[in-house]
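Produce the complete structure using the sequences and hints provided.
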Amino acid sequence: MNAFDYEAPQSVDEAISLLSAGNGNIGILAGGTDLIAQLKEGRKIDLMLDLKQIPEATALSFDEDSGLSIGAATSCSKIYSYDVVKNHYPALVDCTSLIGSIQIQNRGSVGGNFCNASPAADTPPAVIVLGGTCRIAGPNGTREVAAEDFFSGPGQSVLQSGEFLISIQVPTPAANSGAFFLRFIPRNEMDIAVANAAASVVLDSEKTTIQEARVAIGAVAPTPLLVADAGAALAGKAVDDEDAIEAACAASRAAARPISDMRGTIEQRIHLSGVLTRRAIQGAIQRAKES
Amino acid sequence: MAIKKEDYLGIENYKVVGTRPIRHDGTDKVTGRAVYGPDFHLTGSLYGKTLRSPHGHARIKSIDTSKAEALPGVKAVVLGKDLVQNYEDKVSDLGESSVDLRFLIANVLAGDKVLYDGHAIAAIAATSAHIAEEALNLIEVEYETLEPVLEVRRAMEDDAPLLHDDLKMRSLGEETDQASNIANHFQHKQGDIEKGFEEADIVIEREFATGTVHQGYIEPHNVTAHWTENGKLTIWCSTQGPFEVRGQVADVLGLEVGDVRVIPQEIGGGFGGKFRVYEEPTAALLAQKTGKPVKMVMSRTEVLKATGPTPASYIKVKMGATRDGMLTAAQAYMAYEAGAYPGSAVGAGAGCIFSPYSIPNSLIDGYDVVVNKPQSSAYRAPGATNAAFASETVIDEICEQIGIDPLEFRLKNASKEGTRRADGPVFLRIGQEEVVKAALAHPHYSAPLEGPNRGRGVAAGFWFNGGGTSTVVASVNPDGTVALVEGSADIGGTRTSVAMQFAEVLNLPIEDIKPNVTDTDTIGQTDGTGGSRVTFATGWASYEAAQDVKRQMIERAATLWEISKDDIVFEDGSFRSKSDASKSMTFKELAGRVNRAGGPVVGRAAISGKQAGPAFALLIVDVEVDPDTGKVDILRATIVQDAGKAIYPGYVEGQMQGGVVQGIGWALSEEFVYNDQGVMVNASFLDYRMPTTLDMPMIETVIVEVPNPGHPYGVRGVGEVPIVPPPAAVANAIYRAVGIRLNELPMSPSRVLQALWKADGSHGQAAD
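Sequence lines, in order, name chains A and B.
In this text, residue positions in the first sequence follow my numbering: the first is 1, and each later residue adds one.
In this text, residue positions in the second sequence follow my numbering: the first is 1, and each later residue adds one.
FYI, nobody ran anything at the bench for these hints, they're computed from the structure.
Here's a subset of chain A near chain B, in silico, CB distances under 7 Å, partners left out:
1. 1
2. 184
3. 186
4. 187
5. 188
6. 189
7. 190
8. 262
9. 265
10. 268
11. 275
Think of the CB as a built atom: it goes at the ideal place given N, C-alpha and C, for glycine as much as any other residue.
Next comes the structure, spelled out in structure tokens:
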């Protein structure tokens, strides 16, 4: 590991001016569960910029109108321990509570998970199906990008030079809605998804018909994917419409364009996209019924 | 059949043996006070780092270290040519295995060829680990890359690239002139194999492949080396075998063993992988060049890429049985990957493969084959797990076809006293029948299995166990405590299990024995902690040392009382005169007086060549297979094992559970993955998947005690055999759950899924 400078700005403005000062390679530190491991493996930086002294970056708040605001450096364990999240955003509990170990969850953040932009990241699919957006701070002010549009490739996002992710906004769930996330790993913990999937549904007041649905899959393409065709296949269909669910699974399989690597094969990942889509939809419907 | 507990449980009444006291080293290990190798630090130490090959197979054309040497903070660079050059090749003892010295040297630092991804080429000592790492990047190496050979069957082909120009095949005990990747072909024969298969009503022949797996000890290899002014070398390291490290370091550096002192630190796991030297000689060279202590600690990636995993293998097994369930013949073709240099565990595998059974006719061909992977090392019952995966799966298929209960079959064919193993030796009293009976009697075996996609499998395992040489010295303190000095690195709680055997003789509380694991200059030769030998052999030495103490204490009492020592008995913890009831002293009272009555009492024992008692184990395992994902969950597991006598039952249970967990990891998820360039792509614990606690049920244990007739307390080794049955037992359970027989390890979700698709003719289109 090389020597590098360390700065912990106290405000968004101070962070932006440090980012814009042209200090060579900058590594932005939230929990460090990716960054520090990368430094140990040879990544070289000149400056480490720690976001954790910026109040907005570690905030976690909820407002009926604007929804949930998750500071980019807020730890996973803080998120899944928050009553609002437990009660209204169980899909966020699903994904934040299965990343790494408890020690990792105490450090790692959703913002870091987004910015590291691993195709196999576990939090983006859930945020995508919940309709989340990314608030990005930069020299020209703040902009918002839909979660599904944040990623541009493996390890790459739409963040421009001088910008950083400040928070993730998740709207208040609609009445009679439910969302669910799951992944497939060979073990039962401490692993990286071979494939993952999330689904959200809004049911009618009778809870028999799906009014609206969103499905997202991960680890099966260069970026997490919102599968619009899967959502469309379910919209307006009965909750027990097997053909509609199968059509959504087929849409996920069709959308997946995975690679073969040591964690899984193309054939296996395409197959799992369907299997996990089905289980995510069933989980989301179940939660909507119980809501 | 009705089985009584007395049939398989030994019955003795000991005071200390068989109890579960608090272990001597427990508190310091739990609270983090215990000193492990990386915790050890000498003032003024430099930090060493090793440059490793990025290629699986290449010739080194040139190495330029000038830029690295010029980096401020760099104090020394060493290369392979700095190791001993003019030496007579010989066999270097690695404890559980051995290797030709020329290969050992080339593995420590490569000569003109690198033979695997991670092969050490050069090492640097610098004032900080970061500078040393930085300097590695400045060493310029020019390679001519060569085609890597990554699989044993490919390595055996006539047109396969050769790893070594000077390796000639040894065949059936004879040297040949044939240059080959096959280092050795041997054969074990018993009876008439053709006749045996003719007598069989059913013959099953299957092929198997197993992956390269690592022991996965948590503590990485580490060393600190320091030279005294008069040219003596001291090494602090984490090792199972301080004396083996001393011998190897002396061999590689051209020293005498008397020039080297090895001080073992607490060890964070070994499982057979911490016998061979890696950076110990390198650190010594760097320390010699700089005149300063040099400390080296491997990274996890270095441990995985460049230390000794256990061999991948290809095994073909053919077995025949009569319709009434008697084995008539068994044949095996076993090819094991030695890694870059000869010396795989195929010999041990061949000695184990059919040994749970009495089979009149057998033929085993074993091949030790070099490939472009790190040189394989011992791993818990080395070679036996691969072998059992093959033989125990074939036996399960035979049982299924003739319609016999797999445990009844194993009982009918069990090895027993007098059975001759395929590789020659004849068993003394062993406990295989008792183990199978205990498994049959266990409630797990008759518990109903409810729910779809669930199955129960069983498999048996055999391991020889080791004897070897051990020395123990015991000094009696004036307060009645005893300082017990031994040379066995304590991996599995052996300080306590060895001390308990001492305490039993003298009827002392275990807390009064202070066991110390010491270094190579302060105790006599003690073979390394391997082969499940320490509780057996060092325990025996400890028993003998206690007898020696008892004899000397009686002599001191005789002096004090001015009576004949023949008049003195030791009973219930006291020394007493048989003729004069007024003359009686407790051990403690006498201990307080011996220094002035003939001098201190120091007991000692050095033993060698004792006959170890072989171990048998049997695993019952229930699995559930997710047919959508191919994932296998372990629902319940019960391991039954003959311990001879469990000195400390808690440690025996721990060894049994640990072995099963490692075996299940081998079965389901662990394997080295190489790309076609011979580069290992999963050299981290993220992608080299060992099971976690959430992957395991509580593993139930049944200790069977058929005393080893060769040991004062009947001890057999216990540490290794429990890893042997799991892959086969899990494979058999998967078959009973979903009807597919897997013949390749690990049985990962993708392999299970592929097999399910193949069985039902689909290609994964059905999503539920």
